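S.K.: As given, the protein sequences belong to chains A and B, one line each in that order.
All residue numbers for the first sequence refer to the working numbering, where the first residue is 40 and numbers rise by one.
All residue numbers for the second sequence refer to the working numbering, where the first residue is 3 and numbers rise by one.
Be careful, since some hints might not be right.
[To be verified] Among the chain B residues that face chain A by a calculated CB cut under 10 angstroms, a handful are: (1) G56; (2) L93; (3) L94; (4) F106; (5) V107; (6) R152; (7) G176.
Hints in this document: simulated from the structure, not taken from any laboratory.
None of the values given here were measured: they were computed from a predicted structure.
Where a beta carbon is used, it is the ideal one built from N, C-alpha and C, also for glycine.
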Amino acid sequence: MRIPLRLLRTLLIRGTLAWLFTRALAAAILSLHATAVGETATPESVAGTLVTTIWVLAFSAVLLLVDFRRRKEMLLLRNLGLAPVMASFLALSLGLIAEGVWFALA
Amino acid sequence: MTTAPILVADCVGKRYRERWVLRSASLRAQPGELRALLGRNGVGKSTLMKIAAGLVIPDSGTVRFDGRARETTRLHRLAREGLFLLPDHDLLSAAFSIREHLHFVGRAGTPNGMDEAIETLSLGPLLDARPPELSSGERRRAEVALAWVRRPRCLLADEPLRHLAPIDGELLLGVLRSMTADGCAVIVTGNEVPSLLAAAHHVTWCTDGTTYELGPPFMARHDERFMKDFLGRGIRDS
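Use the sequences and the hints to build the structure in full.
M.R.: Laid out in C-alpha cells, this is it:
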C-alpha cells in the first residue's frame with residue numbers, strides 16, 4: 040500500500056506534536072509526583088520506565104484518533120486503505136524512535 | 003453473459019437497541035452496472051450501504067467482496083481491494099486542498115484520468131481551495147472526482163445528488179454512468195427518484211427491513227406495490 044508523501048508528512052508532524060505534548064505532560068506529572076514524595080526530580084525520574092513509555096505512546100495514539108475524528112478524516116483514511124489506528128501509529132514513528140533511544144539511554 | 007457480482011451483502015439484519023432497521027436485506031453490486039437503492043427515509047438504505055462497505059457490523063447476514071466472505075469486513079481492507087465509499091458527508095479533510103486530495107487517491111502506475119475529472123466536473127478554479135471554502139455542491143463534485151480518480155472496482159455512493167442543482171446532479175450521474183462503462187460496479191442511494199430511475203440499470207427497493215430486486219427501471223415502474231408504497235402518483239405518471 041502506497042501512502043502519499045504529503046499525507047505521510049502531515050501524519051508525522053501531527054504525531055510528533057502529539058508525542059511531544061504527551062511527553063511534556065508525563066514529565067510534569069512525574070516531577071510533581073517526585074516532589075510530592077519528597078524526592079528531587081531528575082531527568083532519570085521523568086524519563087524512562089517501560090510503563091511510562093507505553094503510556095506516552097498509547098495516550099498519543101488516542102489523541103491522534105480523537106484528532107482524526109474531530110477533523111472528520113476517518114472515512115478519507117479508510118478509503119485510502121489505511122485504518123485510523125494504523126495511521127495513528129504510523130504518525131507516531133518518530134516518537135517511537137525517540138522513546139526507544141530515551142529508554143535505552145535511561 | 004452475466005458477470006458475477008463483485009459485492010454481495012446477503013440476508014443482512016441490523017438493529018439499534020430494540021428497533022430492527024433491517025431484518026433480511028440484500029445488496030448486490032454488478033460490474034458495469036449502476037444500481038439505484040431506493041426507499042423511504044429511515045428504511046435503512048444508508049445502514050445497508052455502510053454494512054456492505056464494512057463501516058457498520060451487522061447483527062446477522064454476510065458480506066462477500068470479490069467472491070470471498072469475511073468474518074469481519076472493514077472498509078480499509080475492502081478499499082485496498084477496490085471498494086470506494088462515497089458517504090453522504092465528510093469525505094474531504096479541511097487540512098488539504100482539493101488538488102492534494104486528488105493526488106492522495108490516485109493509484110501509482112495507473113492512468114487515473116485526473117485531468118479528465120477536473121475538466122468534466124469543472125474543478126479547475128477550485129483545485130487550490132480547501133473544503134471549508136467550497137459550497138456543498140462544489141464539495142460534492144470534488145468528492146465524486148475523488149471516486150473517479152481512485153478508479154475503484156466498486157463504488158457505493160450514499161445520496162450523491164443531495165443538495166445539488168439539477169444540472170450538477172445530471173453531471174454527476176453522467177460521471178457515475180461513465181464509471182460503469184469502464185466496468186465499475188456502482189450503487190447509488192437518494193431521493194431524486196426521476197433522475198436515478200433515468201440513469202440506473204437496475205432498481206433495488208428497500209422497505210420493511212428487506213429488499214426487493216425490481217429489475218430495470220421500466221419494470222420497477224410497473225411494480226404495483228413499488229408504485230403504490232414508494233413512487234406515488236407524481237412520479238408514476240411522469
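S.K.: Work down the list of hints and note, for each, if the structure agrees.
M.R.: Now the hints, each set against the structure:
With its C-beta approaching chain A no nearer than about 8 angstroms, G56 of chain B sits inside the 10 angstroms limit, and its interface hint holds. A hinted interface residue such as L93 of chain B counts as satisfied when its beta carbon comes closer than 10 angstroms to some beta carbon of chain A; here the least separation is about 6 angstroms, so the hint holds. Interface hint at L94 of chain B: satisfied, since its Cβ lies 7 angstroms from the closest Cβ of chain A, which is below the 10 angstroms cut-off. Hint status for F106 of chain B relative to chain A: holds, with the closest Cβ pair at about 5 angstroms, below 10 angstroms.
Taking 10 angstroms as the C-beta cut-off, the interface hint given for V107 of chain B holds, the closest approach to chain A being about 7 angstroms. At its closest, the beta carbon of R152 of chain B sits 7 angstroms from a beta carbon of chain A; the interface hint therefore holds under the 10 angstroms criterion. Taking 10 angstroms as the C-beta contact cut-off toward chain A, the hint placing G176 of chain B at the interface is violated, the least distance being around 22 angstroms.
This entry does not satisfy hint 7, going by the numbered hints stated previously; all others are met.
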